[in-house]
Amino acid sequence: MVNIIWLFFIVISFVAAIMNGRMEALTEAAFEGAKSGVTVSFGLISVMVFWLGLMRIGEDAGLLRKIAVLLQPVVRFLFPDVPKGHPALGYIMSNMSANILGLGNAATPMGIKAMQELQKLNPEKETASAAMCTLLALNTSSITLVPTTLIAIRMTYGSANPTEIVGTTLAATLVATIAAIAADRWYRHRYRRKPPNSIGRNGTAMKDPPGAQGPPGNFDSEGFGGQGETARDNLLAAKHGKGEALV
Amino acid sequence: MYEWVTSISAWLIPFMIVFIPLYAAFKKVPVYETFIDGAKEGFGTAINIIPHLVGMMVAISMFRASGAMDMLASLIRPLFDSLGIPSEVLPLGLLRPLTGAGSLAFTTELIKTYGPDSMIGRISSTIQGSTDTTLYVLTVYFGAVGIRKSKYALKVGLFSDLVGFFAAIIICLFVFGS
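One line per chain: the protein sequences are A and B, in this order.
Per UniProt numbering, the very first residue in the first sequence carries number 1; after that it's consecutive.
Per UniProt numbering, the very first residue in the second sequence carries number 1; after that it's consecutive.
Hints may contain errors.
Stated by the list, open to error - Distance condition first, Cα-Cα at most 25 Å in a straight line; then the derived SDA-like pairs of lysine to any residue:
#	chain 1	residue 1	chain 2	residue 2
1	A	Lys66	B	Trp11
2	B	Lys112	A	Glu164
3	B	Lys40	A	Ile45
4	A	Lys120	B	Asn48
5	A	Lys125	B	Glu41
6	B	Lys112	B	Val175
7	B	Lys149	A	Ile5
8	B	Lys40	A	Ile5
9	B	Lys40	B	Val18
10	A	Lys35	A	Val2
11	B	Lys155	A	Ile143
Just so you know, these hints were derived from the structure itself, not from any lab.
Please model the complete structure; the sequences and the hints are all you need to start from.
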């Protein structure tokens, strides 16, 4: 999909540049784009370094797991295939909260960290897992409580009521988020039926991989790539130096 | 309500900067060393994103400069006019999933031209606030972990932008309409 979009942009741009006689502008734009790609990445360094440092402290102190446990019900619904108490859930929650509060700068590192945690659970490292797609859906539609930048711009241009858009923004963003979650769900179920990329919720969509020992059909044994939850919990517990499941 | 939320926004980050290390110190975590340990990851991650971001930004920048963007907008414009939607906001809807900075600049331009309290000003503010730069988010998040096949993520992202765009217009026309 991204391959097609990318090629589409470049080819269409070339054709449009011929039609509009803007070939020189096209060259300039290409290099300008490359430059801003680097500038944006470098701009991210400071925020990433700072937040990931702080978040590591939070993780080691067990704060992230606490948050994850606290918000279990919501996250359980949105990310059914992430094991209980997994650090990814803590990062997902921090990412969502930062988005809701309009702290864009803080949201990105946490989102990336959440992706990295989800990648550890991903059986196919080059293909996005269902959970990763859900996280992306939440981020592209993210609920906004305070569109701070917009309020500032409205103030600058002398609005009589700069904050009057807070309500409409919240309503529109809510509609977009619900649509994103619904679409995500729809695709998630569609893709689940297509092996081998599928991630079966109860292991039912999987063709009983050899060696899978989790009790099939059990609500708590949501298989992830055929791996039983018990196995994963043990793995996690080992990582965190505990002998029992984390929740 | 609004005051309350803004003050949470203002307090939250300083609170986190103080609370997290303090809590960790009580848990006997070596705070500074842990910070450095985690922070080291940040640099590499940001550097890893560069090729992805350069690739995307080049394509988007070319798309805009070639005039393809304007041609696309003029194709859809009649449909907007017939629906009674101010077609001035149309380029914003096309721009928003592609570039955050670009769409913010366009919104600012609309607000400057038509006034923040005009219908166009209100609609564009709402659109800008309620949608996100899908392509950037996808590039950064998936690029950072080396995902090549994004599966249906882009479709869902673009769909939610589309819904957000029209929801913003309809809600504004309903709330602020005479």
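Going through the hints against the structure:
1. A:Lys66 with B:Trp11: holds (21 Å)
2. B:Lys112 with A:Glu164: holds (17 Å)
3. B:Lys40 with A:Ile45: Distance ~10 Å between Lys40 of chain B and Ile45 of chain A Cα, so the pair holds.
4. A:Lys120 with B:Asn48: At roughly 17 Å apart (the allowed maximum being 25 Å), Asn48 of chain B and Lys120 of chain A satisfy the hint.
5. A:Lys125 with B:Glu41: holds (19 Å)
6. B:Lys112 with B:Val175: This hinted pair holds, its Cα atoms lying about 22 Å apart.
7. B:Lys149 with A:Ile5: holds (13 Å)
8. B:Lys40 with A:Ile5: Violated, at roughly 33 Å.
9. B:Lys40 with B:Val18: Answer holds: Lys40 of chain B to Val18 of chain B is near 20 Å, not above 25 Å.
10. A:Lys35 with A:Val2: Holds. Lys35 of chain A to Val2 of chain A sits at ~21 Å (cutoff 25 Å).
11. B:Lys155 with A:Ile143: holds (19 Å)
Comparing the model with each earlier hint shows a violation of hint 8 alone; every other hint is respected.
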